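S.K.: Residue 1 is where the sequence shown starts when you use our numbering, and the numbers rise one by one after that.
To be clear, the hints were calculated from the coordinates, so they are not data collected in a lab. Keep in mind it's a predicted model, so treat the numbers as computed, not measured. Here a beta-carbon is modelled for each residue, glycine too, at the ideal position from N, C-alpha and C. There's no promise every hint is true.
What the hints assert, rightly or not - Below, simulated BS3-like cross-link-like pairs (lysine-lysine); rule was C-alpha separation at most 25 angstroms, straight line: (1) K104 to K86; (2) K97 to K166; (3) K104 to K216.
To be verified - DEER-style ranges, computed between Cβ atoms: (4) A56 to D161: 16 to 26 angstroms; (5) E62 to H151: 27 to 37 angstroms; (6) R64 to L200: 53 to 63 angstroms; (7) E131 to D257: 13 to 23 angstroms.
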Amino acid sequence: MNGLRIAVTDDMLNEIARCIGSRPGFWTRVDSDRVRIRILPVLIVAIVLLLGAFCAVLHFNEQRRVSLVRTLTTERVQAAIEAQLKSDAAIMSAALKPISLDEKLLKALEAQDKASLLTRAKPLFECLKAEHQITHFYFHRVDRTNLLRVHKLQLFDDKIDRESLKIAETTGLPGTGLEQGPTGNCTLRVVYPARIGTRLVGYVELGKEFEAIARKVHELLDVHIIVAIDKKLLEKDKWDNRNKFVGRQSAWSDYPDAVIIDATLPEPPQTVNEILSRNRMPRNDDLAVSA
Numbered sequence: 001m002n003g004l005r006i007a008v009t010d011d012m013l014n015e016i017a018r019c020i021g022s023r024p025g026f027w028t029r030v031d032s033d034r035v036r037i038r039i040l041p042v043l044i045v046a047i048v049l050l051l052g053a054f055c056a057v058l059h060f061n062e063q064r065r066v067s068l069v070r071t072l073t074t075e076r077v078q079a080a081i082e083a084q085l086k087s088d089a090a091i092m093s094a095a096l097k098p099i100s101l102d103e104k105l106l107k108a109l110e111a112q113d114k115a116s117l118l119t120r121a122k123p124l125f126e127c128l129k130a131e132h133q134i135t136h137f138y139f140h141r142v143d144r145t146n147l148l149r150v151h152k153l154q155l156f157d158d159k160i161d162r163e164s165l166k167i168a169e170t171t172g173l174p175g176t177g178l179e180q181g182p183t184g185n186c187t188l189r190v191v192y193p194a195r196i197g198t199r200l201v202g203y204v205e206l207g208k209e210f211e212a213i214a215r216k217v218h219e220l221l222d223v224h225i226i227v228a229i230d231k232k233l234l235e236k237d238k239w240d241n242r243n244k245f246v247g248r249q250s251a252w253s254d255y256p257d258a259v260i261i262d263a264t265l266p267e268p269p270q271t272v273n274e275i276l277s278r279n280r281m282p283r284n285d286d287l288a289v290s291a
């Protein structure tokens, strides 16, 4: 056996190659495997890139959709608040027309007869409060000092410097405004001059606190509302006094430029706190409304 030698001729090699080549699909499988090995990394990279692009487009579209929904919702809320302010002002104006022409009320106002005024005005106030959420009812003297607050009997004789009353004084026409009162609350007000004939005997005023307006919009649109006001429009002492009494608003020192006057949820979201903590009032593109 040690001396055994095997000779392989060219004819033998050709025959082996012929036999292997005659197997169906042999070379095809070999070529396919080679192609597969070469293109597989390219395919993986292409699939990863396509998935990344798809995710990026999906994220962009979702962000754009959220931004559009937020913008549209904010515009709806702003429009609803403006519409509600106009509606409430119209209701108070309609109520004040007959009140400012009531002969008994006018005579009591001219005589500064607080008892007679209260007797006649209290049932009116209770009706307006129950039906239209009117929260304020005033009778002012000609010199703009308050004679009677039907809603707060213990407070009177203070000078009223609100713009709505000044408009009624200077123009002789009804005045309207969203203003801060002596207790710090922000109230939509309508003031009518009261006359006997052509003689001015005083002013009659109705008001509705803004909190009631915000909550009505909240119920109408099913969104949470946080109402913030620039501190420049308020007086700190009045605000602190109001906050001690009501306890729903933010403290004066919570934010640098604004205070929260009302909210329809217990605590402001972190995003709102961050916006109000900046050293400026929020811009329109800061506004966020949570459903």
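S.K.: Does the structure break any of the earlier hints, and which numbers would those be?
M.R.: 1, 3, 4, 5, 7
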